[in-house]
Each structure stands twice: as C-alpha cells, then as structure tokens.
Amino acid sequence: MLKRVRKRFSELSLTKKFLIVAISIMFIFLLVMNIMIQYHFKNYFISRERQHFTDSLHSILRNRVRFFTFRKSWNENMDFNPLVNILKREKGVIDIILYSAEGKRLYSLISGNKASAPSKSEGLRKALRGEPYFEINDLSNTESYDYLKNVTDARYVQEIYYPVLHKGEVQGVIEVYKDFTDVMNAINNTRYQAAGLTLLGFIIYIAVLSWIVLKIEKREKELQAEVMKYQKLSLLGQFASKMAHEIGTPIHVIMGNLDLMEDVTEDNVILKRIDSVSRQITKIQTIIKNYLYLSKKPEPARSKFDISELIENVVDDLSFAISDKIEIKTDTQSCMIYSDSGFLEQVLYNFVKNASDSIGEKNGNIFVKSYKDGDYVVVKVYDDGKGVPEEIREKLFDPFFSTKKTGKGTGLGLSVCKDLVEALNGEIFYDSEDNYTIFGIKVPVREDVS
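For reference, each letter of the sequence shown is one residue, going 120 to 569 in our numbering.
These are calculated hints, taken from the structure and not from any lab test.
Careful: at least some of the hints might be erroneous.
Unchecked claim - Straight-line distance between alpha carbons at most 25 Å, and here's what the computed BS3-like set of lysine-lysine pairs gives:
hint, residue 1, residue 2
1, K223, K286
2, K268, K207
3, K488, K537
4, K561, K448
5, K514, K340
6, K448, K505
7, K537, K340
Unchecked claim - Simulated restraints on C-beta separations:
hint, residue 1, residue 2, range
8, N204, A305, 26 to 34 Å
9, A326, A440, 54 to 62 Å
10, E336, K423, 45 to 53 Å
11, V140, K505, 47 to 55 Å
12, E509, A440, 24 to 32 Å
Idealized CB from N, CA, C, for every residue including glycine.
Throw the hints in and build the complete structure from the sequences for me.
In structure tokens form, the structure reads like this:
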C-alpha cells in the first residue's frame with residue numbers, strides 16, 4: 120500500500136506535489152494550534168486559580184488569629200469547621216478534604232469528620248512534599264470519581280492539593296474539588312470557534328493555493344508548448360535552409376529553360392502557360408524563403424504593384440488546382456500599393472486553397488473581393504463551405520495546428536500568413552458561421568502607414 124502511494128506521488132507534477140505538501144503542513148499546523156489553544160487556556164485558568172487560592176488561603180491562615188491553630192500539626196481531634204466554612208464560599212466547591220502531614224484523611228465536607236487510611240493520589244504526594252498541585256480533569260479521571268459522581272453532575276472538576284506550611288514543615292493538606300464545567304465549556308466553545316475559523320481559513324487557503332497551482336500548471340504547459348513550437352520551428356528552419364540550397368540549382372535550370380522556350384515560341388497559349396509555370400517556380404522560392412523566416416522575423420521586399428492584378432494572377436493559377444465543382448468569382452478594385460507582392464500572393468494563395476478544402480468535393484463558391492479603405496487596402500476571401508468549428512478558432516493561427524488529415528497539411532499556412540501580414544504592418548481577420556467563412560487582410564498601401 121505504501122509503495123503504491125509513493126509511486127502515485129512520484130508520478131505527480133512538481134506543482135501538485137507542492138500543493139499536497141503545503142496542505143499537509145498547514146493541516147498539521149492548524150491541528151497543533153488547536154491543541155495548543157486548549158493547553159494554554161487550561162494552563163491560564165490553572166495559573167489564575169492557583170494564585171487566587173494561594174492568596175485566599177494565606178489571608179485565612181495568616182490574618183485571622185483564631186486560625187493560628189491550623190498552622191500547627193493537624194490531627195483528627197481538631198475542629199475544621201471554621202476553616203471549611205470559609206473555603207466553601209469559593210464558587211463551585213463540591214468537596215473539601217483535609218489531610219494530616221502523614222496523608223491521613225481527617226475531614227471531608229461531604230462525609231464530615233471521618234478519618235481514613237492515607238491516600239495514594241499523585242496530587243497528595245506532591246502536596247505532602249510541600250508542592251501545591253492544581254489540575255483540571257474530566258470527572259471520570261479523578262481519584263474520587265466513585266463518590267463524586269453521586270453528589271455532582273459536573274463534567275469537569277478542578278483538583279487542588281494545597282500544603283499548609285509552618286516554618287517550612289507541612290502541617291496538613293487541603294484538597295478541594297471545584298466544578299469547572301462552565302469554564303471548560305467556555306474553553307471548548309473558544310476552541311470550536313477557533314477551529315471553525317481555522318477550518319474556514321484552511322478551506323480558503325486550499326482554494327487559493329489550488330488556484331495558484333492550477334495557474335502555474337497551465338502556464339507550465341503553455342511554456343512547454345512554446346518550447347516545443349520553437350524547437351519545431353528551429354528544425355523547420357534548418358530543413359528549409361537545406362532545401363533552399365538543394366533545390367536552388369534545379370530551379371535555376373528550369374527557369375533558364377523556360378526563358379529559352381519563351382524566346383523560341385510565339386504561341387500565346389504556350390506563352391501564357393510558361394508565364395504561369397514561371398510564377399509558380401517564383402512562388403516556390405518565396406515559400407522556401409518565408410519558411411526560413413519561421414525562426415526569425417520576416418523582412419518584406421517592397422515594390423509597387425496593382426493589388427487587383429495580383430489577385431487575378433493568384434485566382435488564375437489556382438483555377439487549375441481546385442475542383443471543377445467550385446466556382447471562383449472576383450470583385451477587385453484597382454489599387455497601386457507599395458508592399459511585398461510575394462508575401463501577399465502567398466497569403467491569398469493560402470486563403471483560396473483553404474476555402475477550396477472547406478468546400479471539398481461538393482458544389483460551392485469562392486468569392487474574392489478587394490477595396491481601398493483610406494490608407495489601407497482590404498482583401499477578403501469568402502466561401503460557402505462548412506465553417507470553422509467554435510472549439511478550434513483560438514488555435515487557427517498557431518504553428519503546426521491543422522484540421523486536415525495527416526499528410527494533407529503542415530499546419531503552417533495560417534501561422535505563416537499571420538507573420539507575413541504583420542511584417543507588412545497589417546492585420547489578419549476572419550469570420551465564420553455554419554455555412555460560410557471569411558478570411559481577410561488589411562494592409563497599408565504605403566510603407567509609412569502603420
């Protein structure tokens with residue numbers, strides 16, 4: 120059992136271990152504090168009663184001439200009634216018992232003058248050595264329980280054994296039983312109130328500590344996710360760097376051959392296809408370059424171009440890559456902007472491709488619209504696909520997050536798009552319901568707009 124508990128504990132996270140240890144320590148602390156409250160209250164009342172009884176007895180034995188005899192050796196022939204009559208005025212007195220210097224019982228308030236054999240109680244033994252003894256006990260734990268239970272309904276009693284000394288010698292011992300139930304009930308009520316308050320504080324402590332631990336664990340998981348993300352980005356950056364080097368030569372060869380083909384043909388259809396292939400190769404180079412930016416901030420290469428023409432080129436290139444059941448429509452406003460055409464081309468390519476994937480194999484429509492809005496140009500891509508589920512919307516722009524099947528996407532598209540748009544001092548946005556989705560960007564028309 121203990122091994123199983125140790126194993127389960129070792130499997131817990133560091134924050135949960137801290138929570139369990141902290142709660143255990145606090146529980147032990149509160150338990151000890153509650154016990155100490157009772158202990159100190161009890162000692163306080165015993166100390167106060169000791170002082171009160173000592174003062175009272177000294178006043179009786181020293182200041183009253185007629186009690187001079189009580190400072191001499193006690194025996195069964197003495198009349199103890201005058202002394203007892205004063206002592207029994209004390210509040211809550213149940214019984215008063217007087218002993219000789221040998222420990223022989225000489226008098227009892229309940230049973231009267233009735234001598235008996237010496238008592239063996241611990242309190243009496245101390246008193247016979249000249250040490251006053253004060254204790255508070257449950258009635259059932261007292262030496263005289265057998266007869267006290269018949270004369271009192273007190274639950275708690277105070278036992279007092281007080282030596283009467285004359286010239287340093289014990290002349291006798293006074294034993295007093297006092298009803299201490301009210302005082303102990305008050306102590307217990309204080310304990311219960313303190314226990315209630317400490318329990319409430321303990322619950323609040325656990326709640327606050329649990330909340331803090333959960334926040335720490337959440338942050339710890341977020342940091343772990345961030346570390347994993349940057350590790351992936353670092354590996355991807357290294358891979359992209361290697362790929363850029365490896366495919367650089369064949370791309371240049373292809374581009375060279377395309378230039379030769381363009382020089383030797385006058386067929387407009389072929390020239391148009393050559394131009395399309397050339398743009399796609401340029402796009403491959405741009406994509407590799409942008410993947411290199413995953414491990415660092417992308418730096419745009421700005422130039423002047425018409426956003427409307429860029430949109431038309433993207434749509435034209437993708438028209439051969441999407442389903443024949445999907446119709447792409449455009450409503451673009453001609454607007455010259457000074458920005459990075461490669462960045463925007465890649466962003467729009469991702470938007471349109473994602474829209475196509477959302478529609479799937481069914482009939483659908485994609486609508487691309489652009490317009491100028493002050494110092495900005497806005498481009499929106501609408502589709503009538505299935506929409507973006509509510510539970511994944513917060514993760515859309517996270518690196519490596521993808522809803523596509525394994526092998527169908529890297530999960531980098533929208534993440535890269537967000538970085539590219541922000542590098543242009545723009546913003547990316549989306550809106551989605553069950554039957555439509557809109558992805559859009561808003562970028563400045565000039566570099567000095569932010």
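Check: So does E336 sit 45 to 53 Å from K423, Cβ to Cβ?
Finding: At roughly 51 Å between Cβ atoms, K423 and E336 fall inside 45 to 53 Å, so the hint holds.
Next item on the list: Could you grab the alpha-carbon distance between K268 and K207 and see if it respects the 25 Å cut-off?
Entry: Cα-Cα ~19 Å, so holds.
Next item on the list: Assess, step by step, whether the Cα of K561 is no farther than 25 Å from the Cα of K448, and give holds or violated.
Entry: holds, 20 Å
Item checked: Range hint 47 to 55 Å (beta carbons of V140 and K505) holds or violated -> Since V140 and K505 have Cβ atoms about 49 Å apart, the given range 47 to 55 Å holds.
Check: Does the hinted range 26 to 34 Å hold for N204 and A305 at CB?
Finding: holds, 29 Å
Next item on the list: Would you mind confirming whether the straight-line C-alpha gap from K223 to K286 stays at or under 25 Å?
Entry: holds, 21 Å
Item checked: Pairwise beta carbon distance, E509 to A440, judged against the given window 24 to 32 Å -> holds, 30 Å
Check: Is the hinted pair K514 and K340 satisfied, with a Cα-Cα distance of at most 25 Å?
Finding: Roughly 15 Å between the alpha carbons, so the hint for K514 and K340 holds.
Checklist line | Holds or violated: K537 to K340, with C-alpha atoms at most 25 Å apart | finding: holds, 23 Å
Note to self: Please verify whether K448 and K505 have alpha carbons no more than 25 Å apart.
What the structure shows: The hint holds at about 19 Å.
Checklist line | Range hint 54 to 62 Å (beta carbons of A326 and A440) holds or violated | finding: holds, 56 Å
Notebook entry, point to check: When you check the alpha-carbon spacing of K488 and K537, does it fall within 25 Å?
Noted result: Cα-Cα ~19 Å, so holds.
Figure legend: structure checked against the earlier numbered hints; every hint is met.
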